[in-house]
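Asker: Turn these sequences into a full structure, and let the hints guide you.
Protein chains: 2
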Amino acid sequence: MPHKTVIVGGGAGGLGAAGGVKAANPEAEVVVYTEFEDVAYSPCGIPYVHGKEISDFEKLFLATKEQYVKAGIDVHYETTVTAIDPKGKTVTVEGEGRVSYDTLILATGFDYADPGVPGGDLENLYYVKNIRKAMEWDKVLDSVKTAVVIEASPLGTEMTTSLAHRGIETHLVDPNPWPLAEMADPDIMAPVEESWTEMGVKAHFNTTLKGFLGQGKVSAVDTSDGEIPCDLVVVATHKVPNARLAADAGLKIGSTGGIIVDERMATSAPGVFAVGDCTEIPHGLTRVPLQGLTGSHAYAQGKAGGNNAGGGSRTYKAVYVPWGTPAGKWVIGGASFGETTATALGIPYVVGQAQGISRARYYPGVKPVKVKLLAEPGSLRLIGAQMVGQEGIKERADFLAMAVKFGFTFHDLAAMENVYSPAIGALNEPIVVAATNGLDELRKAGKL
Amino acid sequence: MPHKTVIVGGGAGGLGAAGGVKAANPEAEVVVYTEFEDVAYSPCGIPYVHGKEISDFEKLFLATKEQYVKAGIDVHYETTVTAIDPKGKTVTVEGEGRVSYDTLILATGFDYADPGVPGGDLENLYYVKNIRKAMEWDKVLDSVKTAVVIEASPLGTEMTTSLAHRGIETHLVDPNPWPLAEMADPDIMAPVEESWTEMGVKAHFNTTLKGFLGQGKVSAVDTSDGEIPCDLVVVATHKVPNARLAADAGLKIGSTGGIIVDERMATSAPGVFAVGDCTEIPHGLTRVPLQGLTGSHAYAQGKAGGNNAGGGSRTYKAVYVPWGTPAGKWVIGGASFGETTATALGIPYVVGQAQGISRARYYPGVKPVKVKLLAEPGSLRLIGAQMVGQEGIKERADFLAMAVKFGFTFHDLAAMENVYSPAIGALNEPIVVAATNGLDELRKAGKL
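Sequence order for the protein chains is S and Z. Residues 1 to 448 (the working numbering) are what the first sequence spells out, left to right. Residues 1 to 448 (the working numbering) are what the second sequence spells out, left to right.
Keep in mind that the hints are not guaranteed to be accurate.
Pairs count within a copy or across copies, as identical chains cannot be separated in the list.
With a cut-off of at most 16 Å between alpha-carbon atoms, the simulated EDC-like pairs for lysine to aspartate or glutamate come out as follows [to be verified]: (1) LYS317 - GLU263; (2) LYS87 - GLU194; (3) LYS87 - GLU339; (4) LYS210 - ASP225; (5) LYS59 - ASP38; (6) LYS4 - GLU441; (7) LYS444 - GLU263.
No lab work stands behind these hints, which were simulated from the structure alone.
Answerer: Laid out in structure tokens, this is it:
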């Protein structure tokens, strides 16, 4: 009997899963339901089209609808799944009724947290998500003079940078003392804040959102710092897992609101898998569950979960979270966690840091790279890292996440060899200098 | 009694060593002898000034002579050391006579291999090394229409690219079938060769140098491929360790011609250390001795050896050789060794490779990145890697050298998380794809 897998959600997780099922079982019937008009575009690119770094939305499409047909993946567009029944092995689809499956994969993604203030029904509140809507919003942006971004979340940080780059007067409202406060340390974000100021951004930190004001259309944002007149608001509150279908069906939900999965991406219900932003995944060191990871994580989880749903056997392990993004005129990034998170979790650490450079200091285009490494006292095993610079942040973040995972110590990193070639790398790799400085500090303090 | 360290050589190794001695013992007397007019400049930058990527030679100076005086490092310029006497603990210095020391550090660098053909005494044969001479040669280059580069060594590769970039008709003569054949694989170099052709370079591979022709000044190079008329020849033959002083004093010399050192950078003579290009260092996996490493290696060896010479205790271990350089319109790099070297050494391997990209494929500035990984059959531990691309090659090479050193497997690399942010990294990291492809190939072949 042919195997049938139903997938709810057409984002990176859902499509990764579709490919995973087919990889494990090329004969499997794979049906994907999505509420949207499209699949296989990059939502992560939307802020950069708004910012005019990318010339048009068409570039964000990665595959045509025909390609999925050819691959044997049956995508039902603009179709909502309203319920799942793991016991009966069916999903309820609007307009299709009950549809049966052999295995089910939930890839229902995330929602933005409700800002929970009055005025949420006004026009010109922009929640960045769907590419078709983004195309319409992009036309609106042509006539926007002043915009307010709510929260310096990862998306809020990108949108602030993009709107300022586009020439819109941009205000950023955030309740924390510095941007991206939940993941990045203030010393890492300080250059970003400076560059935003240079770009004309008006940042309002330690500032609480009180409401959206206006008649029909938003005309101002009310905050603890006063009213900010504006033509448009980008609501970039933090992501919360969209786990409604799972919760309604009695699947186990974790402390973050994400669906609990095991290393096979299997939920608590037999035959039901979940991947991407609707799940929560433990941090590799702390085992604290995390949600709101990246499209790259969603895609990898999709491949693993899809493979298992198709009869294969793949695991997806706890995460060490390399991250990075442009912010203002800088690129920030890191792996695992920084000082702020470590302190909040009560995790002791020692620091090694360095202000390095990306090329020989005389080579055109050389940029600063600040590296901060956190290690466990005593063992000096790396437990986290944060960086601010321009070149090579992504590649260093990828490496440092592996360094955390495999327990590299300050000694290991201080003894690391590095490429030296004036146009592409400095005599001293900043990671090596940071680890060396960390050891020197410990020596001076008599702790080594 | 105050401690006195004599250092012979003022390059990256010698100056790293001077700093190392002072770090271990700030009171130590440190005397550096150099044959040249300067120290503390970057010889690695010279090709890029010739190529006009860097505007002038002054930029290559990293520190002033006064800074060394202030740091308590006594540099004797244009001063030749003619002999060392490890038993008597003296060196013989031209114009100074016998000078005593407590510890001695040899940092005598390298020479270019003698091309061993007639005509070596003609004018306009340029050996790239000393910055003052480079300044003079740069003026000569203004009137050069056609140049020949002898050997596609690392320097030859850089000089070929730079001279072509400067607009000089450049011929490259090399006895091997492809450039950098001693370190890089032909598939990695193929795009470089193509881009050289686009830049107007005339490459002569499988071509033996027979002599330099001309009256007083070189006017042609004689090769197995015929005569190549030219105004100037860059002799970029491979580096050989300059170990004459050490050999004359009976210190142990290795199979490469480099001074043999232990992990403290100590030679076979008590109290005598050696660092940088005059030494040989074992490869971490094969234990085959290597010479001709980079300025970054020399500097790190200098710091370790200097520290030990000053009474401290530091080790410098076997190397895994991350490398990288611009070449033509590309950047090439890798870690440990490639297929060519593995085959030559009789080391069995399996391959995983991928043609990836450096950013989201729709993001402006996205570049291809080809990654090839070599692993030990069975264990699938990484033993080498080679890459050709543009962005992030240096950082990936640094990481991959650590991956070889710490025995990461294809499984580890295939499960690696990666940053995804359109402007700085693609959904799928090319290293991850290469490892995944390697595993897929093995599965298909029934070997996994």
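Asker: Next step is simple, just say for each hint if it's right about the structure.
Answerer: Hint-by-hint comparison with the structure:
1. Proximity of LYS317 to GLU263 under the C-alpha cut-off of 16 Å is restricted to the intra-copy arrangement: shortest distance 6 Å within a copy versus 38 Å between copies.
2. In this homomeric assembly, LYS87 and GLU194 never come within 16 Å of each other (Cα to Cα): the closest approach is 56 Å inside a single copy and 61 Å across copies.
3. Within a single copy, LYS87 and GLU339 get their C-alpha atoms no closer than 46 Å, and across copies no closer than 54 Å, so neither meets the 16 Å cut-off.
4. Taking CA atoms no more than 16 Å apart as the test, LYS210 paired with ASP225 passes inside one copy only; the shortest distance there is 10 Å, against 80 Å between copies.
5. Only within a single protomer do LYS59 and ASP38 lie at most 16 Å apart by alpha-carbon distance; the minimum there is 14 Å, versus 53 Å between protomers.
6. Taking identical chains as interchangeable, the C-alpha atoms of LYS4 and GLU441 are never at most 16 Å apart, the minima being 60 Å within one chain and 27 Å between chains.
7. Neither within a single protomer nor between protomers do LYS444 and GLU263 lie at most 16 Å apart by alpha-carbon distance, with minima of 44 Å and 25 Å respectively.
Hint compliance for this structure: hints 2, 3, 6, 7 are broken, all remaining hints hold.
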